[in-house]
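As given, the protein sequences belong to chains A and B, one line each in that order. Position 242 of the first sequence, counting from 1, maps to 242 under this note's numbering, and the rest follow consecutively. Take the position in the second sequence, starting the count at 1, then add 1000; the result is the number in this note's numbering.
These are calculated hints, taken from the structure and not from any lab test. Take every hint as true, because none was put in to throw you off.
Ranges of calculated distance between the beta carbons of each label pair, as one might list FRET restraints:
| # | chain 1 | residue 1 | chain 2 | residue 2 | range |
| --- | --- | --- | --- | --- | --- |
| 1 | A | P300 | B | E1192 | 22 to 30 Å |
| 2 | B | T1023 | A | V53 | 41 to 49 Å |
| 3 | B | A1027 | A | T208 | 22 to 30 Å |
| 4 | B | I1033 | A | I302 | 35 to 43 Å |
| 5 | A | D257 | B | T1196 | 28 to 36 Å |
| 6 | B | T1196 | A | I302 | 25 to 33 Å |
| 7 | A | L384 | B | E1164 | 41 to 49 Å |
| 8 | A | L384 | B | S1048 | 34 to 42 Å |
| 9 | A | K515 | B | D1070 | 44 to 52 Å |
Dumping the calculated DSS-like pairs for lysine-lysine here, alpha-carbon to alpha-carbon at most 30 Å:
| # | chain 1 | residue 1 | chain 2 | residue 2 |
| --- | --- | --- | --- | --- |
| 10 | A | K376 | B | K1141 |
| 11 | B | K1160 | A | K285 |
| 12 | A | K457 | A | K508 |
| 13 | B | K1160 | A | K415 |
A quick note: this is a predicted structure, and the numbers were derived from the prediction, not measured. Positions of the beta carbon are idealized from the N, C-alpha and C atoms, including for glycine.
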Amino acid sequence: MSSIVRSLVDWLDDRAGVRDLVNDALYERVVGGSRWRYVWGSALVMTFMTQVVTGIFLWMAYSPSTQTAWESVYFIEHEMTGGWLLRGIHHYMAQMMVILLAIHFVQIVWDGAYRAPRELNFVIGLILMLIVLGLSFTGYLLPWDQKGYWATNVGTELASQTPVVGADLKKVAVGGSDYGHHTLTRFFALHAGVLPALLVGFLVLHITLFRRHGLHAKDPNHGPDAMFWPDQVLKDSVASLGILAAVLAFTVWEGADLMAPADAANPYNAARPEWYFLFLFQFLKWFPGELEIWGAFIIPGIIVTVMFVMPWIGRSRAGHLLNVTLMVVLFGGAAYLTTQALYDDNFAAWSEPPGESASEGEIKAYEASKDFIEAKKDAHYEALRVIELAQSPAKIPPTGALTLVYDDPYLQGPKLYKQNCAGCHNYVDEENPDPRLTSLVNEEPSAPNLFGVGTRKWIEGLLDPEQIVSAHYFGYQGSPFVGDGDNTDMVDFVQESFSEDLDEEQRKTVQAAFKKVAIALSAEAKLTSQKEIDAQDADTIAEGRALIEGGLADVLESGTSCADCHTFGSAEDIGSPVLDGYMSRQWLLAFLGNSADEQFYGDMNDRMPAFAPHDDPRLNQLDQKSLELIVDWLRGDWYRPAEVVDE
Amino acid sequence: MANAPSSQAAKPTPPEDRRSFFTAIAAIVTGAIAVVTPLLAGVATFLSPLFRKNHSPTVRIALLSQVPDDGMPRYFPVVTDRDDAWNRYPQQRVGAVYLVRQANEPTPIAFTAKCPHAGCFIGYTAGDDEFQCPCHTSAFKLDGSRENGDNEVSPRDMDKLPVEVREIKLADGEMAQEVWVEFINFQTGHKEQIRTT
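Work out the full structure: start from the sequences and follow the hints.
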């Protein structure tokens, strides 16, 4: 057997000189013996190879266009077997690469390993570093999610400020005036084609020159000389495995995140560049107005230039010390700026709000941090929701995942509500406040609380003598429905029904009747969430209907029932608001369209704007789709994955 | 020694100087044309965005009645047809504007929400007395001027857009007024407004 292998190797060796190749590759002399401090270069090659391998497999599933980029990344991450692992490794290995580059650079400068004859190789190393940063920048955009989109947007805006050619440069990079399909095709071609090809070319040069000059031994007498194989290779492999372990740990515990799909019309206010570019981001805050080009180009340009000439500065001992000092200042400064950026954005999470004596600047800084945390939280919920929608049986429509976002009451409802309703109405679940919706809480409402509108609980509250006069129903600021107001009939009716003259027995009878009324009225809303209990309580609902239509008159001392004032069932054309279909989708749509209509509040309408009273849609404040989204959201009508599982 | 004459014969004779000069030139030129032509085709295609002009659309933003004359900014999305390479997206949100109308003024002022510093979306919370950019902390007064003048991160005040109030006749013969805005995309980072066309 071994003779067959040997003759095969001989055959290959005759024709391709493989023995020499292998010998050259493995039997490099390591002066002073193998050491852990020599692992960084090999580790970088390993990270790059990892990126090539994972990148090619990602490429096989990725589709660069505005309707497919996010969608294909979603599919990799959440649907393909092992996709989360593949993408996680690619995502975190990229960051590891930047860390390793920094370590490699620090070591070379510290050891003075850039001195003759290694100057050229140092320069090539810096070029490699810039290529890697280019790969990071272009890769950040490719998932086409909110974070990458808005952070990269700032990056290309800054590029557009390059003196003279800036505007054209941006146009070429972005593939037009605005972000679109060609931004993705170009960034992808750079990320997967041009930059890796350049990197391979320079890496070959880098390694060739490295082998030509030999390893720069910090301490040649550290130990007996050894060969690269197997001593140093073992150390390199252990280091590579350690790096992979760290990357896997991040992948398993954190995972590569995917925010909601990029939306040019909805800015992501917490957009920040990847952490290793944060210092540049923070640096820009120091340069007001037109001085910005100093922060964005001139100073970074000078720093990079200085880095390139370090081998020549470092020819003398004093020059070398200067280089080391520069490097320490550079990394110290970057670390300081990064910390500052992180602190500025997040400090509101752990520090108290500024007190009375705080300056305007302090208050603003605190507010900005609070807004950042809020925006991040919102984006997190939005991302979870879009992924939930994408995983629904309906999947993603051909128009892309943004359609899912725009058509979802759960996502759009709160936004539309905030713009159009929250100024007056409160929206809060007192028992179980939703952290996602804290911004919809109105501490001083001038209209009822709309949380759970139309549910049994909500209507029971409306028919409760104490709750009806609370701010959650008709007891809000400036209400005409309570106290000395103009239209107190409803409140009076409820309160008189529970007058203090009633004995315990009578009170219980009234309560039982009102409960049935609430159940019957709530059934009019046809809420999805009450579908089952409404079907179960068909008898109670029938009793409740009878009470509303007139039966209540026999129970109450006042001898009146709902239908004495409201149109309902057989009691037609009595008055308003009409209780047929009360809080149903149809009813609410018409109500939001014009609450002052005769079938609703008519003359009694209290400041509620008519959002769509006109037949001509151009005249209406809200279009039909927006109204539907608000109504569906208020009624809790949105896709829920659990229901599908049940069905 | 038997092989010597033949190895002598194999040695190429030095060509005449003039002939070799033309050969070299011809080799370089033909080779260059062969290599550069496809490259030029690629570069031309790559640079095609530079040869395409884009115009700023004039967009209907809102009814004038939706902008009360109380001097407070109101946020409106800019919805218009958007072309992206081979796609036309009908009626897409392409950006946002703030409309502000002072007391008794017939026409509102329109500010684009794009920050003149680095293009982030400037935010405004109803009731606040300033606009704030979430990226690099630029702040603007309600008239669009920078809170800290030239010490602000933003190099210029918020960009105003040309506004037009148009009368429309409705189906029922009644008249209404609409606010139309020329939605210009200005370059960021400069003291003066420069259109990105």
